[in-house]
Structures are given as C-alpha cells and as structure tokens.
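Asks: Sequence:
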Amino acid sequence: MQPNLLQAMAVFFIFIFMTIILNIRNPTRVFAQADEQSRNCSSSFQCGNLSGVAYPFWGSNQPSYCGHLGFQLNCKGQAAEITIMNLTYQVLKINSQSQTLTVARADYIANLCPSVLSNTTLDPNLFTYAADIQNITLFYGCPNTNMSFPTTPGFSSPFSCNLSSVNSQNFYLTRHADSFPTVISTYLRTCGSRLIVPANQSVVQRIESNPTEENLVEVLEQGFGLQWTANDTLCKSCELSGGLCGYNSTASAFTCYCPGQRYPFTCATSSAKDGMLCSGFFPEIYLQEY
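Going by the working numbering, the sequence shown wraps up at 505, each residue one higher than the last.
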C-alpha cells in the first residue's frame with residue numbers, strides 16, 4: 216500500500232476517533248446543537264395564502280436542514296416560488312396529505328412572451344406530473360403566411376409575441392400536432408421554436424372551444440399538479456414519535472430532530488436514551504451544519 220494512502224487513512228481514522236471522543240466528553244454541546252436545530256425547524260413556512268407549510272419544504276428564515284434541498288421555497292411579494300431544474304414556478308397550493316402541489320410557470324404569469332423559451336422539465340427523483348395533466352404546445356417564430364387554415368378544435372388563432380426583429384406569427388395547440396390536418400402540421404414544422412407547458416386538463420377545454428390569447432394566459436396561470444416524493448414515510452414515523460422532520464445535507468439523508476438529540480428515523484424512547492448515555496454512544500455523529 217502506498218505511504219501517502221496509509222497516511223491519509225490514518226488522518227481520517229484519527230479525525231473520526233477524536234469526533235467520537237469529543238462528543239462523549241461533551242454531550243451538552245451535542246444536545247444544545249440538536250435543540251437549536253429543532254427550534255429552528257419548529258416554525259413553518261408562510262407566504263401569501265400559503266401557511267403551515269413544513270417538511271419537505273423550507274424557506275424564508277429556516278435553515279436548509281429543515282427540509283429537503285430540492286424543496287426550497289422563496290416568498291416573492293405575496294407569492295411563494297420554487298425552482299425545479301432551473302425553472303421558477305409560482306406555488307399556488309400545497310396538500311401535505313396527498314403530497315401534491317399546484318404550480319404555474321412564473322415566466323408565463325400574465326405573459327406569453329418570455330425572454331427565454333424553455334421546456335417544462337422535472338427532477339424525476341422528486342416530482343411527477345399529476346394524472347389530470349394535458350400539454351399545451353406553443354410555437355414561436357412561425358413564418359407569415361396568407362394560407363387559410365381549416366377551423367380545428369385545439370388549434371389557436373395567432374397570438375402576439377415578437378422575440379426578434381423578424382415579423383412572425385405564433386400559435387398554440389392543445390393536442391398532438393400529428394392529429395391535425397396535414398396543412399397545419401406541415402406549416403408548424405417551419406416555426407422557429409416550440410415548447411411544451413403543462414396545464415390542468417379540466418381547464419384546457421375552455422381554450423379548445425375558444426382559443427384566444429386571453430384564455431391561454433388564464434389557463435396557464437391556473438397551473439398544473441405535481442406529486443412529490445421525499446422520505447415522506449420516514450417523516451410520518453418521525454412525527455408520530457414526537458420529532459420534527461429534517462435533512463442532513465452532509466450525509467444526503469433524512470433526519471429526525473428530537474428533544475436533545477437527532478436520530479436517523481424516529482425519536483428514541485426514554486429507556487433507550489438512558490442506555491445510550493450510559494454507554495457513551497450517540498446515535499448520529501454529524502459534521503457541523505451552518
């Protein structure tokens with residue numbers, strides 16, 4: 216084995232040993248830190264019409280260890296926002312029981328002409344689309360034409376948006392392009408850009424029957440549903456044991472904040488705590504989080 220590797224391993228094990236010794240010799244510091252983290256996470260996120268929002272969400276004055284890293288909320292004015300895969304969304308509703316939230320793309324609030332055209336993309340490890348989603352496809356930079364298109368449900372009249380100095384037209388579809396007459400699908404292939412924005416299926420019917428620019432803005436502002444996954448079963452068990460749910464970013468793992476201590480899953484019983492103290496054993500050893 217290389218001398219440098221042996222030296223590195225020795226330093227690592229000395230660090231671990233000293234951390235354990237310091238925690239055993241100074242349990243008050245460990246408990247004080249756990250109590251502080253528990254206090255910091257006891258308040259819920261509030262913004263606008265959202266209140267009582269807790270794990271996996273966190274934000275405002277809460278430290279990052281109070282929630283999952285992918286669920287940070289920001290309060291902008293009276294609107295809560297979340298960023299998913301570099302896109303910002305307004306959070307309209309959160310239902311902790313069903314683990315669902317309703318979001319609307321912030322760049323399409325009262326606007327059909329964002330400065331950057333980006334498709335809606337989710338982190339599949341954290342979010343999935345709700346069952347009642349219907350995609351709306353927006354086409355930008357379509358060439359001007361005198362062509363007469365057949366009246367077809369789901370195909371809009373042109374809407375205004377000038378992303379460049381070139382005079383062009385813009386359209387949207389509520390169904391797959393290949394399901395439209397050939398004259399429409401062929402023309403749309405000549406457009407400069409195309410992107411997809413999800414919407415609630417029940418409100419899409421409104422713009423299919425009356426495909427105006429104003430109706431499209433209203434439908435997009437009503438948002439769409441997402442289902443989240445973030446150690447929710449562990450969180451319920453933690454709360455039932457009297458703890459608060461949190462996240463250890465150092466270990467990239469769920470943690471349960473309990474009075475005087477933190478545990479990987481649930482708070483320990485009084486007898487279990489006494490046994491750990493007598494033996495000098497602590498259930499979790501963390502690097503400091505700030």
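In case anyone wonders, no lab produced these hints; they're calculated from the structure. Errors might be hidden in some of the hints.
Unchecked claim - Per label pair, the in silico range of CB-to-CB distance: (1) Pro365 with Asn289: 40 to 50 Å; (2) Leu284 with Asn310: 14 to 24 Å; (3) Ser372 with Glu251: 53 to 63 Å; (4) Asn359 with Gly267: 50 to 60 Å.
Stated by the list, open to error - Heads up, simulated DMTMM-like pairs for lysine to aspartate or glutamate below, C-alpha to C-alpha not over 25 Å straight-line: (5) Lys308 with Glu429; (6) Lys308 with Asp322; (7) Lys308 with Asp347; (8) Lys308 with Asp447; (9) Lys451 with Asp322; (10) Lys451 with Asp393.
Beta carbons are placed, not taken as given, at the ideal position from N, Cα and C, and that holds for glycine.
Asks: Now, for every hint given, state plainly whether the structure supports it.
Replies: Evaluated hints:
{"no.": "1", "hint": "Pro365 with Asn289: 40 to 50 Å", "in the structure": "holds (45 Å)"}
{"no.": "2", "hint": "Leu284 with Asn310: 14 to 24 Å", "in the structure": "holds (21 Å)"}
{"no.": "3", "hint": "Ser372 with Glu251: 53 to 63 Å", "in the structure": "holds (59 Å)"}
{"no.": "4", "hint": "Asn359 with Gly267: 50 to 60 Å", "in the structure": "holds (52 Å)"}
{"no.": "5", "hint": "Lys308 with Glu429", "in the structure": "holds (23 Å)"}
{"no.": "6", "hint": "Lys308 with Asp322", "in the structure": "holds (18 Å)"}
{"no.": "7", "hint": "Lys308 with Asp347", "in the structure": "holds (16 Å)"}
{"no.": "8", "hint": "Lys308 with Asp447", "in the structure": "holds (18 Å)"}
{"no.": "9", "hint": "Lys451 with Asp322", "in the structure": "violated (35 Å)"}
{"no.": "10", "hint": "Lys451 with Asp393", "in the structure": "violated (46 Å)"}
Going down the numbered hints, you'll see the structure goes against 9, 10, while the others check out.
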